[in-house]
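4 protein chains.
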Amino acid sequence: MVKVSVIGATGYAGAELMRLLVSHKEVELVHAASKSFAGKKLSEVYPSFTGCDIVLEEMDLDTISKDSDIVLTCLPHGASASAVPALLEGGARVIDLSGDFRYRDAGVYETWYKQTHTAKEWLKNSVYGMPEIYRDQIAAAKLIGNPGCYTTCSILALYPLMKSGVIEPKGIIIDAKSGVSGAGRSEKLANAFCEVDESVKAYGVGTHRHTSEIEQELSLAAGEDVVLSFTPHLLPIKRGIISTIYAMPKDGIAEADIKEAYAMYKDEPFVKIYDGTLPEIKHVTGSNNCAIGFVLDKRAGRLVIVSCLDNLIKGAAGQAVQNMNILCGFDESEGLNGTGWYL
Amino acid sequence: MVKVSVIGATGYAGAELMRLLVSHKEVELVHAASKSFAGKKLSEVYPSFTGCDIVLEEMDLDTISKDSDIVLTCLPHGASASAVPALLEGGARVIDLSGDFRYRDAGVYETWYKQTHTAKEWLKNSVYGMPEIYRDQIAAAKLIGNPGCYTTCSILALYPLMKSGVIEPKGIIIDAKSGVSGAGRSEKLANAFCEVDESVKAYGVGTHRHTSEIEQELSLAAGEDVVLSFTPHLLPIKRGIISTIYAMPKDGIAEADIKEAYAMYKDEPFVKIYDGTLPEIKHVTGSNNCAIGFVLDKRAGRLVIVSCLDNLIKGAAGQAVQNMNILCGFDESEGLNGTGWYL
Amino acid sequence: MVKVSVIGATGYAGAELMRLLVSHKEVELVHAASKSFAGKKLSEVYPSFTGCDIVLEEMDLDTISKDSDIVLTCLPHGASASAVPALLEGGARVIDLSGDFRYRDAGVYETWYKQTHTAKEWLKNSVYGMPEIYRDQIAAAKLIGNPGCYTTCSILALYPLMKSGVIEPKGIIIDAKSGVSGAGRSEKLANAFCEVDESVKAYGVGTHRHTSEIEQELSLAAGEDVVLSFTPHLLPIKRGIISTIYAMPKDGIAEADIKEAYAMYKDEPFVKIYDGTLPEIKHVTGSNNCAIGFVLDKRAGRLVIVSCLDNLIKGAAGQAVQNMNILCGFDESEGLNGTGWYL
Amino acid sequence: MVKVSVIGATGYAGAELMRLLVSHKEVELVHAASKSFAGKKLSEVYPSFTGCDIVLEEMDLDTISKDSDIVLTCLPHGASASAVPALLEGGARVIDLSGDFRYRDAGVYETWYKQTHTAKEWLKNSVYGMPEIYRDQIAAAKLIGNPGCYTTCSILALYPLMKSGVIEPKGIIIDAKSGVSGAGRSEKLANAFCEVDESVKAYGVGTHRHTSEIEQELSLAAGEDVVLSFTPHLLPIKRGIISTIYAMPKDGIAEADIKEAYAMYKDEPFVKIYDGTLPEIKHVTGSNNCAIGFVLDKRAGRLVIVSCLDNLIKGAAGQAVQNMNILCGFDESEGLNGTGWYL
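Protein sequence lines, in the order shown, are assigned to chains A, B, C and D.
Oh and the first sequence: position 58 is 58 in my numbering, straight run, nothing missing.
Oh and the second sequence: position 221 is 221 in my numbering, straight run, nothing missing.
Oh and the third sequence: position 191 is 191 in my numbering, straight run, nothing missing.
Oh and the fourth sequence: position 122 is 122 in my numbering, straight run, nothing missing.
Honestly, the hints are just simulated from the structure, not real lab data.
Values in this document were obtained by computation on a predicted structure and should not be read as measured data.
One or more of the hints may lead you astray.
Copies of one chain are not kept apart here, so a pair can be met inside one copy or by any two copies together.
DSS-like cross-link-like pairs, simulated, lysine-lysine; straight-line CA separation at most 30 Å [unchecked claim]: (1) K259 / K35; (2) K25 / K259; (3) K188 / K3; (4) K66 / K124; (5) K35 / K298; (6) K266 / K40; (7) K114 / K40; (8) K259 / K66; (9) K66 / K201; (10) K188 / K25; (11) K3 / K170; (12) K114 / K266; (13) K201 / K40; (14) K163 / K40; (15) K66 / K163; (16) K3 / K25; (17) K201 / K170; (18) K3 / K250; (19) K41 / K259; (20) K25 / K114; (21) K3 / K35; (22) K25 / K163; (23) K259 / K40; (24) K298 / K170; (25) K298 / K114; (26) K41 / K266; (27) K163 / K188; (28) K259 / K124; (29) K124 / K188; (30) K66 / K142.
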């Protein structure tokens, strides 16, 4: 049993993490901190936890780091950069779900997040928590920057193609659509039911932070600077992301080459490459899977890739648990092997 | 390990049962039969099962009963009555999810289902599969009639009140609202997205079959014939039922008496009695829980009870697994102890 | 052309009123006041008004009353009681959409709204704005208290039955379900998309203010004090209410008697009595109609009535326009004769 | 008054057309034909028409053409090609909402629709019914091929840019998302509520018929063959399309050049060009508007255009009425000037 604490347990990602952790056989939950609800029972904030006796606490970094082998932080960006160093110095290993420890270059972070990074010195020790690419480094990490939801969906779809050189690194377009839980639990009018229901909108066109995270990893894969177009959209659903990605296949590339590139995932427990069909959001909802399919449109000279995941699971809490499993030497699927819900 | 087969594995209840069974640690799935999709992989019909190698078969009753300790039948009513006797005679124990084996009196069935019961002789051996009431009989049963979704939601809310005599047995009104998955997977126009979305309708007013099932069990609890009003409604959601129930408290009954009646559930793993608040559908979605709250409206002289469950889990597949666990002597919560999804 | 102003033009009811008024052939819009958005164009707040040049103003009661023949006030309750007297004294006629001028007895208001009524002296001059009951008084009114959404749906269904004495005045139960726009445009977490979607909840059980408004009108119809149970529910839809109402038919009452009672609506432009079928929310969405159907369940001894309307139209803005048309001597359907949307 | 008939009045586009026509002041409806529901009242099929006495008829082409000045045909493709010639020969003018009369080259139709065109000889007399491009020809037409929903949304966004040469004609990507009503009223499992709700899928990637219609019109604008990528997606909403379009601006093109190109719409009643913001589906739902906004992403070298319309109105029935208004010399906005619903 590993001693685990969660900071920021009552946002949507935090609550999903709690849901996964309470069923995890190797985890002893020691602290669950919530700024807004300290003193309340988790089941008062999320009645789906009825029967579960967890009481939310104030965030006491000393106590938490001392009592925990692993701390999962679900704080807003900026707040993580403030809290994480103390946890690490206190001896805990940290998996951070914010954007604060995902970057190799603090300058990129500061440009896209438009704020100073207050824990730059820790970036060099941080591992980007995408097991399909960095499994070995994750196993040895003290600090893991858990990837973003849109970014996981995009990088998993594009990394093998970029790495194997079957697509042009230029001109990639990612048209991504996400459920509302990706915006977190807050009282913004923009996320009110009547504003979201029966509508779809694009937002953050050309400026969404996840662009820089995707470009970072794809540039490493390509061995050259990748600049791409990323357009997120808000869908009237709770969970799930579907990204439709447009790339130019290199000359002479056939379907078989694409399949061969994706064969890098053949032993991955949570990446599902479709053969001849395309994934839909409901194929992955409730699971830690990322499902990927593609169409090579020779007429238009485009490779169209469709990638789906559950933003709260493979896009946040599930991937964090997967990273924790690797870090602790557990079966990588422990606590994550449920089938998706479909309904 | 117990050898389990499912007949009718590709309707919504059947697929949910498959989802629960593939994660159940004590179950070896031996056959999954589907009339519509025999020969296909389950993952072709429900891609959420991607990575799961189950192949759907024709319904061969001899082979299935010979190979299985337990068979779960998710057939339309009438079809179950035809298939189940052969399974029982072949030596399997059966948990039937249709209405065919829920009645003590074939005449009631024939009145409400408007068809002849073709396996009347088995009714006397069938146990009504509601563990909170019939746990001991379930443990010893050869044939279990797994309760309906609306009925579970209503009976769990009313049985303790009726049994303890805190409410009048007359004049009960159940205003129930269900998600669309309760109507099964079919191509009816009435269930098309554009017909259901952004609307609600009442249906089967005064004639819905579940009325008779609720009345059967409440009459037994009351020791007299209970006749009630039951109105189902179709909601634009996938899963979940909320029943708002109106009863007349007997003279002098106070809140404490209601709570005391519900105390019969204090050790039940899957019934959650709220104290001072009311459950919402999302509190139970994805779990095997039935959550119940109430308001004693003294001004109007009414007890208003709100009862929620997930129609595919506690209202169908989850309750079937719970019954199977009891039948097999497993921990009753095995495979069912996940927290609800909330999102 | 009549000169019309709207105060509170940017809440959901206010915006719906603006939508109806800009298409109304007899209306000249002179002022549209909005506390939150004064100085902005209406189309900036609701881009569906793109191309419409209305600029929102501060609420200047003197100017508004001087410039307007009719003022429609869409303010929170309490705020209306403060603003309306000045408008009336300034010479305008007022249709108020809040609860402030719907009551005959200020004490009832103060009990249910839990606040002092600051314009009690105007209640005796106020007409309850339900044309089907008070058309003549409306035509002559200086001040109209426009009915609530739930109340319109309930009163229209029950008034003829109560008036004609075909049902018992005691023991009535109204199980009402409403779309989220009924809660207004605000940043409450309870109305956030992820909290509402795929769920339903009951709220305000036994305490919802509309109970008292329904009881007031039904008591007048019955000639005795009516006390009833009213339970509102929140649906994951934008617009629309469906009320399922349970009443006890008096001895010997047959379907024909119910139909005869409802015949009082035979010339009403906006009440649709169904014959043998039941209305669904989508039958009325987008229209000013209230659609009513019923089932006489002799087995259970209940009359079950289903009543549907669009809460923003017949339940608020549309009824206000209907009242305005009567007040001004226009065709009562002017600006309201569109067919419902269905989709 | 013009005498108008509708053939195919009970599909979703047909019903929307009926909704618009019953409120149209210059229209006398003479026949409404429906294969599935002949003999029934329209209000039995769509109860939102309650109070409207239209009786559906069999499709009798002779009678219809003889009695009507204008016939609007909402038939499946292929069926229109069979029926329309008789209507034209009988003397009626025809606005056809299928794909059958949208093409200049029957070969393109036959390639994309995978069937023989049985009325090729009429294509040369048919006018493509997009008023913003072909207003003058529409006014004089005997036969109008009313554009598709996706195509209207895409062509209106791209035509001015292509015509004015501010974007490269190559490499355009249209990522389009549509509500379910676009798939028509039918009993397909793929459109069942539980299959669509809380999910999104791409379909017809590289093969959707509307691709060819968009390419036809943009090629004419560009003066060269345009080949593009078009990916439709199914959204869990009833109405509305949002298309996110990616084009490469030509060297030196600035925002002002884009705005100037779109200035061609400055007098259009139904095209709304946003200045600095982006449209959302809910901005146009219920209106005949197409709303267009853009972001020039200099970093990535892309022009991102977002275009929204209501697929049943500007994408089908509303555009047909607009064409009819032009054909008849009515005010082009007659029957179409309602503000969008927002809610």
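A quick look at each hint next to the structure:
1. K259 / K35: neither (47 Å within a copy, 34 Å between copies)
2. K25 / K259: Answer is neither; intra-copy 36 Å and inter-copy 34 Å both fail.
3. K188 / K3: Neither: 35 Å inside a chain and 36 Å across chains, both beyond 30 Å.
4. K66 / K124: Close inside one copy (24 Å), not across copies (62 Å); limit 30 Å.
5. K35 / K298: Intra 53 Å, inter 39 Å, cutoff 30 Å: neither.
6. K266 / K40: between (45 Å within a copy, 22 Å between copies)
7. K114 / K40: So K114 and K40 pass the 30 Å test across copies only (29 Å; inside, 34 Å).
8. K259 / K66: neither (47 Å within a copy, 43 Å between copies)
9. K66 / K201: Neither: 45 Å inside a copy, 42 Å across copies.
10. K188 / K25: Classified as neither: same-chain Cα gap 37 Å, cross-chain 37 Å, threshold 30 Å.
11. K3 / K170: neither (45 Å within a copy, 55 Å between copies)
12. K114 / K266: The answer is neither: 39 Å in one copy and 37 Å across copies each exceed 30 Å.
13. K201 / K40: Result: close only across copies, 22 Å inter versus 36 Å intra.
14. K163 / K40: neither (48 Å within a copy, 35 Å between copies)
15. K66 / K163: neither (41 Å within a copy, 52 Å between copies)
16. K3 / K25: Both. Shortest intra-copy (12 Å) and inter-copy (25 Å) distances satisfy the 30 Å Cα cut-off.
17. K201 / K170: Intra 26 Å, inter 26 Å, cutoff 30 Å: intra and inter.
18. K3 / K250: Neither: 49 Å inside a copy, 52 Å across copies.
19. K41 / K259: Result: close only across copies, 22 Å inter versus 49 Å intra.
20. K25 / K114: Classified as neither: same-chain Cα gap 40 Å, cross-chain 49 Å, threshold 30 Å.
21. K3 / K35: within (21 Å within a copy, 49 Å between copies)
22. K25 / K163: neither (36 Å within a copy, 39 Å between copies)
23. K259 / K40: Only across copies: K259 and K40 sit 23 Å apart there, 51 Å inside one copy, limit 30 Å.
24. K298 / K170: Answer is both; intra-copy 18 Å and inter-copy 14 Å each pass.
25. K298 / K114: between (41 Å within a copy, 19 Å between copies)
26. K41 / K266: between (42 Å within a copy, 19 Å between copies)
27. K163 / K188: neither (40 Å within a copy, 41 Å between copies)
28. K259 / K124: Intra 34 Å, inter 46 Å, cutoff 30 Å: neither.
29. K124 / K188: Intra 35 Å, inter 41 Å, cutoff 30 Å: neither.
30. K66 / K142: Within one copy, since 15 Å is at most 30 Å while 55 Å is not.
In the structure shown, a violation is registered for the earlier hints numbered 1, 2, 3, 5, 8, 9, 10, 11, 12, 14, 15, 18, 20, 22, 27, 28, 29, in ascending order.
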